Amino acid sequence: MKRIRPGAAVALTALVCAVLAACGTTSDGDNAAQDSANDDGGGKLKAMLLYVGPAQDGGYNSSFEATRTRLQDKYGDQLEFTFKENVPETAQARQVIDAAVQDGYKLIIGNGYGYGPHTIASAKKHPDVYFLQSQWAPPKNLANFSGFDLGVEDGFYLAGMAAAGAAKTGRLGMVNAFPIPFEMRVMNAMVLGARRVNADATTRVVMTNSWFDPPKDVQAVNSLISSGAEVVVNPLNDPAIPQTSEEKDTYSIGSGIEHGDLAPTKQVADVVYDWAPLLEPAIEAARDGTWKPVFTYLGAKDGVIKLEPGPAFDGLNADVKAEIEDAQAALSSGELNVFTGPIVDNRGKTVVADGEQLELKDLIGMTFVLDGLEGVKASK
Amino acid sequence: MNDSLMVELAMSGIAYGTPLLIAGLGELLTERSGVLNLGVEGMMLMGALAGFWVSQLLGGPDWTALLLALLVAALAGGLIASVHAILTIGFRANQIVSGLALTIFAGATGLSSYLAEVGGVAGDSGKHVLRPIDVAGLGDLPIVGPLLFHQNALVYFSWVLTIAVSVYLYRTRIGMRLRAVGDEPRAADAMGVNVPRYRYAHTIVGGCFAGLAGAAYSLALAPSWTNGMTAGAGWIAIALVIFAFWRPVLVLAGAYAFGVVSGLGFNLQARGVDLPPELFNALPYLTTVAVLVLVSSTWAVGRFGAPRALGQPYAREES
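So the protein lines, in turn, are chains F and L.
For the first sequence, position 328 (counting from the first letter as 1) is numbered 327 according to numbering that gives the first Met the number 0, and the numbering increases by one without interruption.
For the second sequence, position 102 (counting from the first letter as 1) is numbered 101 according to numbering that gives the first Met the number 0, and the numbering increases by one without interruption.
Please note that a few of the clues may not be correct.
[Said to hold, decoys possible] Taking beta-carbon pairs under 7 Å as the criterion, some of the chain F residues facing chain L (in silico): (1) G57; (2) T68; (3) P214; (4) Q218; (5) A219; (6) S222; (7) G374.
[Stated by the list, open to error] Now the stretches of chain F that chain L is said to cover, found in silico as 3 or more residues with beta-carbon under 8 Å: (8) 124-134; (9) 223-232.
Since the hints were derived computationally from the structure, they do not count as laboratory data.
Quick caveat, the model's predicted, so the values are computed rather than measured.
Just so it is clear, CB atoms sit at the ideal spot from N, CA and C, and this is done for glycine as well.
Could you put the whole structure together from the sequences, leaning on the hints where they help?
This is how it looks when you write it as structure tokens:
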């Protein structure tokens, strides 16, 4: 009887630790680009991007990095544009910001939603520093804070078209992380685009409940493919997703940057981001002190998002390719708005009336689920 | 037929069970010598990182790069385990505290993540990947083809390892002595067995296995590096040894059962069973609790207990 005690105690300890380990796997790196930070005179602006994960994450952060290095080259001596990676979305972010302010940084950009409360608190604490924050609107009476959001639907509408064009049966798969409003826009837009090309197309989503977890992402891709998906689309950054699709001879569509190198025969396209239209005006405003607290919603017509053909794009039907090109042009000119009524959700409720377009607050708070989108529940 | 739900589940059971199996066999050897090492998660992460790093640095054909990477992964795990061995065998420190310290030190927020930044390997995709090998062209057979004849080298190796550990424990003289060291170190000592030497050797070998298990993540399952990518597998491996009553073949069965459970959620989601993903993520841990209750029954305990000296430092009484 006595013999079980150590075993049971160990197993329980192991279990508790397993749960803890599964919950918290972030780290705080401290890898800002080297700077000696000894002079900040003469109109030189110091700006810093905060990244939740590694700077080269193969998607979202990598797209910011591409813009950052381009702007650094463009402004030369006038700008010192650096980044801090692996900054957790906790109060620790405030310490990182405080240290940056001490170093003379005047513009802080938080590219993850979870930085919101911390950049707002820091904006109050440091009124002479400007803050640009993803997915948060500026609170009242805070003149040095601006928010932005990405009109991601423009890109995933085109991705949906390309996916439906590549799939013979119209069975599309998506690996996603959480059904937050941003991802609802991704998924609903994909369905609308797919149904424009193939009215019977269905999109089956597998949620991993994690923004970046390669072992889980691979399992998700495999389960989608084995259940019959012909194309796996993902708005995540994990290189394992296109790699697994390529191995399983299944089409893939990704986002952030191009992923053709990871799936050299199967990558149909990528939804790519260019942040210069957001960051350049912010840098200008911070330099000459003309900052206005605004919330900017940027899409294809602002030039931040587009569909970039991949190695497998040429194999699409010529009509589909032409239609994608037309849609891309119409989105860029502002002629086409993805969520234009009539749009009816999967419960038969009209969510966008005929000829109307979704308002900003409905876009950034999207909860409805469209017909043809499987595996996602409306949150209310 | 090879796309059916059952085959897909079995495939993911084997793929995700393999690191659990290898790490579990390692922990089994360590515990059989009477040493409890709770540092498996940390050793796995070090192995995952070391293996991936080396494979990225090496050029040349896949097989040499991978062989070397796996070797280094095993060495990295063994190196970390030797810290535990020195502390608990040499200095007779508390094994639970030392093991936990090891996981914290080497784990997701410790050494492995620091070294990954030094090496700059985060976010890179793998250059050399352990790919499935078709044995004698049998991979296309229905059902058994993909399961038995279309796996990567590490999976085949884990099967050999299971048999080897089994034979070692029950059919060799050293294995018998090892069991004696774990059950009755004093008696073993009286028989002329060098207890500390046995414990050192099996703790370090256990670490090598854990390092290899970590490399299964970074070189096969998801060829890349992410902080904390083993996500608690090391802890499940420790629990697994207990469920398996310290028997190698049962470790294999348990590891595959956990592998199946870990893939179950996604496969059900992909086939239209809409259950909350949070529930699926909790499944491996819920299973842990359920099995723990089962194996705690008096019957099971009476028949198959833990090595009797598990967790107790051994000191020869001076007369």
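Okay, the hints, checked on the actual structure:
1. G57: G57 of chain F check passes; min Cβ-Cβ to chain L is 5 Å, inside 7 Å.
2. T68: violated (16 Å)
3. P214: With a closest approach of 5 Å, the P214 of chain F hint holds.
4. Q218: holds (5 Å)
5. A219: holds (5 Å)
6. S222: Because about 4 Å separates S222 of chain F from the closest Cβ in chain L, which is inside the 7 Å limit, the hint holds.
7. G374: holds (6 Å)
8. 124-134: It is violated, with 0 qualifying residues against the three required.
9. 223-232: With 5 residues closer than 8 Å to chain L, the region 223-232 of chain F meets the three-residue bar; holds.
Of the numbered hints given earlier, the model fails hints 2 and 8; all others are met.
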